[in-house]
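S.K.: So the protein lines, in turn, are chains A and B.
Last residue of the first sequence: number 1078 in the numbering used here, and the count goes up by one each step with no gaps.
Last residue of the second sequence: number 1078 in the numbering used here, and the count goes up by one each step with no gaps.
Note that these hints are calculated values from the structure, not bench results.
A few of these clues could be false.
Pairs involving identical chains hold if they fit within one copy or between any two copies, as the list cannot separate such chains.
Unchecked claim - Cut-off 25 Å, straight-line C-alpha distance, at most; resulting in silico cross-link-like pairs (BS3-like, lysine-lysine):
1. 934 with 954
2. 827 with 857
3. 773 with 909
4. 824 with 773
5. 1015 with 827
6. 970 with 960
7. 883 with 857
8. 934 with 909
Now for the letters of each chain:
2 protein chains.
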Amino acid sequence: MTIKEIADFLRARDNFDILTHNYPDGDCLGSAAALALALQRLGKNARVITTDRPKKFKYLFRELREQEFETGCIVSVDVADEKLLGPKNGPVYEGRVELCIDHHRISRVNAPVKYVDPNAAAAGEIIFELLPELGVELDKTLADCLYTAISTDTGCFRYTNTTAKTLRIAADLLEAGCDSEFINKEMFETKSKLRLELERKILDNLIYCADGRCAIIYTTREMTEGLSDDETEGIASIPRQIEGVKMGITVREKEFDYKISVRTNDGVDACAFCRQFGGGGHAAASGCTLHGSLGEVLDRLKAAAELAL
Amino acid sequence: MTIKEIADFLRARDNFDILTHNYPDGDCLGSAAALALALQRLGKNARVITTDRPKKFKYLFRELREQEFETGCIVSVDVADEKLLGPKNGPVYEGRVELCIDHHRISRVNAPVKYVDPNAAAAGEIIFELLPELGVELDKTLADCLYTAISTDTGCFRYTNTTAKTLRIAADLLEAGCDSEFINKEMFETKSKLRLELERKILDNLIYCADGRCAIIYTTREMTEGLSDDETEGIASIPRQIEGVKMGITVREKEFDYKISVRTNDGVDACAFCRQFGGGGHAAASGCTLHGSLGEVLDRLKAAAELAL
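So here's chain A without its partners, still in its complex pose (with noise of 0.2 Å):
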């Protein structure tokens, strides 16, 4: 299917449900809610299914009506897997859904139309590209939910996804009007106080070992409580980003065990080093479950890491 295709068959139906992943992030919900907007420009009904709103992204939702209708076309965007629909969502939206739109390499969502473009940073740009296939005027609200969903999956064009045609999509929203400042201070530059006190914690607790190559960082379930998964996310990305540090280690207390993550530079094998304790990933990030006291599973890592590194 062409982006062409795909306004067309938006053209033809009316009374759409957006379908958003659960644990809803700026790429999501900036590119549901810019599409649902487009919608009801064309006098159609729209609207945005979410198992959560969270309060930062609450702007991209300022001009969309809140209406209701018998659902008549269901849409996901940005979901790669049904199962990502969430426990409330899925049971009623699950093999049901008629167009997915999506940007990831493998795309899960059983629908008869789909459009998929894994060179898309984020689904934002092909909610981008659909917008003059529809015939809808790109305005400072829609650049404001675009701009959101695309700075987000990119770090703020800082990620390797970030490709030319990002930037230039992204000069396109700044040009119309679109309040990066905003939305830059919101998503890149505020942090809660609970965070903050988090990483707090997590330096006063920072280890290195294998003579500074690798850095090992862990949170206890008291630690994190009171905390979203929003608000912790990131925290495995801190011991790698460590001057000198090959691998990074994030060891996490969960309820019956502890989750490792461990993120690796210059060509160190993260995967060989999961392995050996039953997991595995990508051989720059991978994961394992270790089980015993904080101190065995500390102990077990920094040995093994000695001996990788």
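Assemble chain B onto chain A, guided by the hints.
M.R.: Leaving out everything else, chain B in the frame of chain A:
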């Protein structure tokens, strides 16, 4: 002067000393390295004059040939004021700059020929536009230099100086093959162990007042021992980033006094706050100097913050 006239000026001369400012950053080094390399590609002699070449910027100079020659033409890049040439280069070059290329709103370099574009997010944007006028093709090495210049001066496209033009130039640099993955990692995702240790100590001593609307951090001389300015840079942005904080205050112990930096959100007047202590600055970023013991200084700031908020 147009950019074409600047190119003509450079083409008509040879044996270039290209000056940068003291405490050199990614923009002055990346822009100067790109300009020197472009001039060498035209068969001319050119060298970059710096007070210092921090290790992390070494890759900018990998293709620049070291050349011995008698100075023929002096060009300053990203230097807002001749005073910023530094104690070693200032006496040698002050009053002798022939061409000043800059993007600062106020340019205090006395030169017969000036090209100052305050709308450019970085001096690197100007050098980017100069290349085709010089007839030098943008290749990977030049793109690495200019991407470094532009990304560092915009906080990787996060600061408000980022324009649509900035993003489109960055897109061209990506297409020219610049290694944005390496550069972003080096510039934005690597922290020294000492810097991380400083952050830990700062967070250990973080003070909230005015019902959490003010956050104060401080560094003692002991805490910053062994850290370069480069590594302590950016600390003043920590307290204002905290959710709910309207005024973030950073207290830095110096040899004889305390330097205070005040950053505010939501229209709180940092300048008025600092003026009561004999300081000043901008509405959202100001500074002042206080004397006394650390305890006294913190008490005065806390009392003033309670009154101001």
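S.K.: Using 25 Å as the alpha carbon limit, work out where residue 827 and residue 857 are close: within a copy, between copies, both or neither.
M.R.: within (21 Å within a copy, 54 Å between copies)
S.K.: My question is about residue 934 and residue 909: at a cut-off of 25 Å on alpha-carbon distance, are they close within one copy, between copies, both, or neither?
M.R.: both (20 Å within a copy, 18 Å between copies)
S.K.: For residue 970 and residue 960, with the copy left unspecified, which applies at a CA distance of at most 25 Å: within, between, both, or neither?
M.R.: both (15 Å within a copy, 18 Å between copies)
S.K.: Up to 25 Å between alpha-carbons, please classify residue 824 paired with residue 773: within, between, both or neither.
M.R.: neither (34 Å within a copy, 50 Å between copies)
S.K.: Within, between, both or neither: how does the pair residue 1015, residue 827 come out at a Cα-Cα threshold of 25 Å?
M.R.: Classified as between; 21 Å across copies, 39 Å inside a copy.
S.K.: Between residue 773 and residue 909, at a C-alpha cutoff of 25 Å, which is it: within one copy, between copies, both, or neither?
M.R.: within (23 Å within a copy, 35 Å between copies)
S.K.: Classify it for me, residue 934 with residue 954: is the Cα-Cα distance of at most 25 Å met within a copy, between copies, both or neither?
M.R.: both (24 Å within a copy, 21 Å between copies)
S.K.: From the Cα coordinates, with 25 Å as the cut-off, is the pair residue 883 and residue 857 best called within, between, both, or neither?
M.R.: within (23 Å within a copy, 64 Å between copies)
Consistency note: the structure conflicts with earlier hint 4 alone.
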